[in-house]
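Engineer: One letter stands for each residue in the lines below.
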Amino acid sequence: MSEKIYKPGSYPDLPPPPGTVGVYGWIRQNLFSSVSNSLLTIISIVLLYYLIDGIIGWFFLDAVFDAESKIACRKIDDGACWAVITRRVGQFVYGFYPEAERWRIDITFITMFLAFAPLLYPDIPKRKWLLYFSVFYPFFAFVLIMGGYFGLQKIEYSLFGGFMLTVILGVCGIVCSLPLGILLALGRQSNLTVVRTLSVCFIEFMRGVPLITLLFVASSMLNYFLPPGTNFSILVRVIIMFTFFSAAYIAEVIRGGIQAIPKGQYEAADALGMNYWQKTRFITLPQALKISIPGIVNTFIGLYKDTTLVVVIGLLDPLGIGRAALADTKWNGLSTETYLFVALFFFVSCFAMSRYSLWLENKLNTDKK
Amino acid sequence: MIKNKNKSSKPVIQIKEMHKWFGNFHVLKNISLGVNQGERIVICGPSGSGKSTLIRCINRLEVHQKGDIIVNNVELTGDLKNLEAIRSDVGMVFQSFNLFPHLTVLENCTLAPIWVKKLPKKEAEELAMELLTRVKIPEQALKYPGQLSGGQQQRVAIARSLCMQPKIMLFDEPTSALDPEMIKEVLDTMIELAQTGMTMLVVTHEMGFAKKVADSVIFMDEGEIIEQNDPKNFFNNPKNDRTKLFLSQILNH
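Each protein sequence line maps, in turn, to chains Y and E. Letter by letter, the first sequence follows residues 1 to 369 in the working numbering. Letter by letter, the second sequence follows residues 1001 to 1253 in the working numbering.
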């Protein structure tokens, strides 16, 4: 076979040689490129098969989903005993929130997605109307969860627990700490000495202290600092601490983003006659936040998982509920099942956040051709 | 050479005995310069001679420490009101374009008119499209700067400045970051702009442009204005030895 001869300047675009592109090409290049590579691939597949077989067996095939107690479980099969979860799922989700009122939590949770949709997906249809709802949502959620208005039964904070508590702490912390973090980051870069000094002090203090200390402060000391007569519930105090703590981290992440913006951007904005707030709103923040997305989401995920620390001040987060379940003589010793379930809940939430941030990064990437 | 019919004797920029220091470094020394309306001035000189710093002082991207700068009868001081007034009258084009990468070409052009000049959005967009047509890239309006070539980006930058309807345009080495085949399209845009009667101060090494467009060429070295003359005399019989040396270096290669 000989190469065809073309006149200079008329060489056509030829397809790539067979077996270098597509699924087949990928398999050949990555899994079976040499004898040793092929062997490794086969061994890995066999190992994976046994591993997955065992896992599926323990998790599903040999598992017991409902039984009276651990002993009853073991009598039926020798896999996981998910009965500890299914029998107590209400507590895992709602804590000790009265059973008859749990619909209020359900509605709050479902409508939360409606409230967040226009903020998270700017291209959503009817965004303007949904945004009104987003603004109204915090009051709506507060009234619905706490009760005490419109004939709703008032529910004590001390009854909150489980995943519901995690979501309340996590979402409030995240929603409040982002704006505070932005303000702190701007404050740290400010030309005004007082603003800058205050921001630096706040950030350094919050970052320099373990979160657990802050939570103890929230549970015992915060009332000393507040004007007499004010009496925040422990839940609000904890949310304030979470917000402050992660705002300090977010401020530093955003500061990194702000400093990554080339100086020319500010000069161009200056030359167009824009003032400080116009520059901040249209030039600095959109670019700085975009750069900081991975760091911000990192902080959010950290905050979300740190909500489990509230167990030290007596709030019953999912881990606390799990411990209570394990302390029950009926379910004694089922820690694997309990903790795996709690882990799964956290993983799903955090993985969703991580995926969303990837999607957002891609969407905002305007450099691609 | 393009004859300048728009030149008048009405001064728009007056710089009097202006000095500037970077720390202890005396970067601009006793600069005095008057620019009349419609005048086109090219500033050249070796790198580090202070030519960029000089034009950046005119819209106060750099702050001078001594002497006066008066633009459109307003003196440049720390007063923010004056500063904003001057900056919306003085457009600037940078060596590295400095377009806003997160905004489309059209948004780049309409942002300042809408928020600084308080133009209605529709009007601002019409104006922007008109100017993008003038720099010959209206079809790129909805793309992002990162999707354009260097020459196109610089033309967008020129259109963006023009959208503020400035009375004076400053160009800080507008073609230095461009590939050779893109320099021409930007220079052509600038020549067209000159023909409309815009007052222009251009820092550049493009001597062909200077010969064609400038009313006056300034040579700067080590922070001083060494020589100022009309292009014909400047290139054909420079008076100062340093000017001669500089011209021989950039013209004979």
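To be clear, the hints were calculated from the coordinates, so they are not data collected in a lab. Treat the hints loosely; a few may be bogus.
[Claimed, not checked] To spell it out: a stretch of chain Y is covered by chain E in this simulated footprint if at least three of its residues, at any positions, have a beta carbon under 8 Å from a beta carbon of chain E; those stretches are:
id: 1; stretch: 105-113
id: 2; stretch: 202-211
id: 3; stretch: 347-358
[As the list claims (entries may be wrong)] Among chain E residues calculated to face chain Y with C-beta under 7 Å, some are:
id: 4; residue: Trp-1021
id: 5; residue: Asn-1059
id: 6; residue: Glu-1084
id: 7; residue: Pro-1101
id: 8; residue: His-1102
id: 9; residue: Leu-1148
Yeah, the Cβ is synthetic: ideal placement off N, Cα and C, and Gly gets one too.
Engineer: Next step is simple, just say for each hint if it's right about the structure.
Structural biologist: Outcome of the hint check:
For the stretch 105-113 of chain Y, the stated coverage by chain E is violated: 0 residues have a C-beta nearer than 8 Å to a C-beta of that chain, whereas at least 3 were required. Against chain E, the stretch 202-211 of chain Y contributes 0 residues with a C-beta closer than 8 Å to a partner C-beta. That does not satisfy the three-residue criterion, and the hint is violated. Counting residues of the stretch 347-358 of chain Y whose CB lies closer than 8 Å to any CB of chain E gives 0, which falls below the minimum of 3, so the coverage claim is violated. The interface hint given for Trp-1021 (chain E) is broken, as the beta carbon of that residue sits about 20 Å from the closest beta carbon of chain Y, more than 7 Å.
The interface hint given for Asn-1059 (chain E) is met, as the beta carbon of that residue sits about 6 Å from the closest beta carbon of chain Y, less than 7 Å. With its C-beta approaching chain Y no nearer than about 5 Å, Glu-1084 (chain E) sits inside the 7 Å limit, and its interface hint holds. Because the beta carbon of Pro-1101 (chain E) sits about 6 Å from the nearest beta carbon in chain Y, less than 7 Å, this interface hint is met. This hint holds: His-1102 (chain E) has a C-beta 5 Å from the nearest C-beta of chain Y, less than the 7 Å allowed.
Because the closest C-beta pair between Leu-1148 (chain E) and chain Y is about 10 Å apart, greater than 7 Å, the hint is violated.
In summary, the structure is inconsistent with hints 1, 2, 3, 4 and 9 from the numbered list given earlier, while agreeing with the others.
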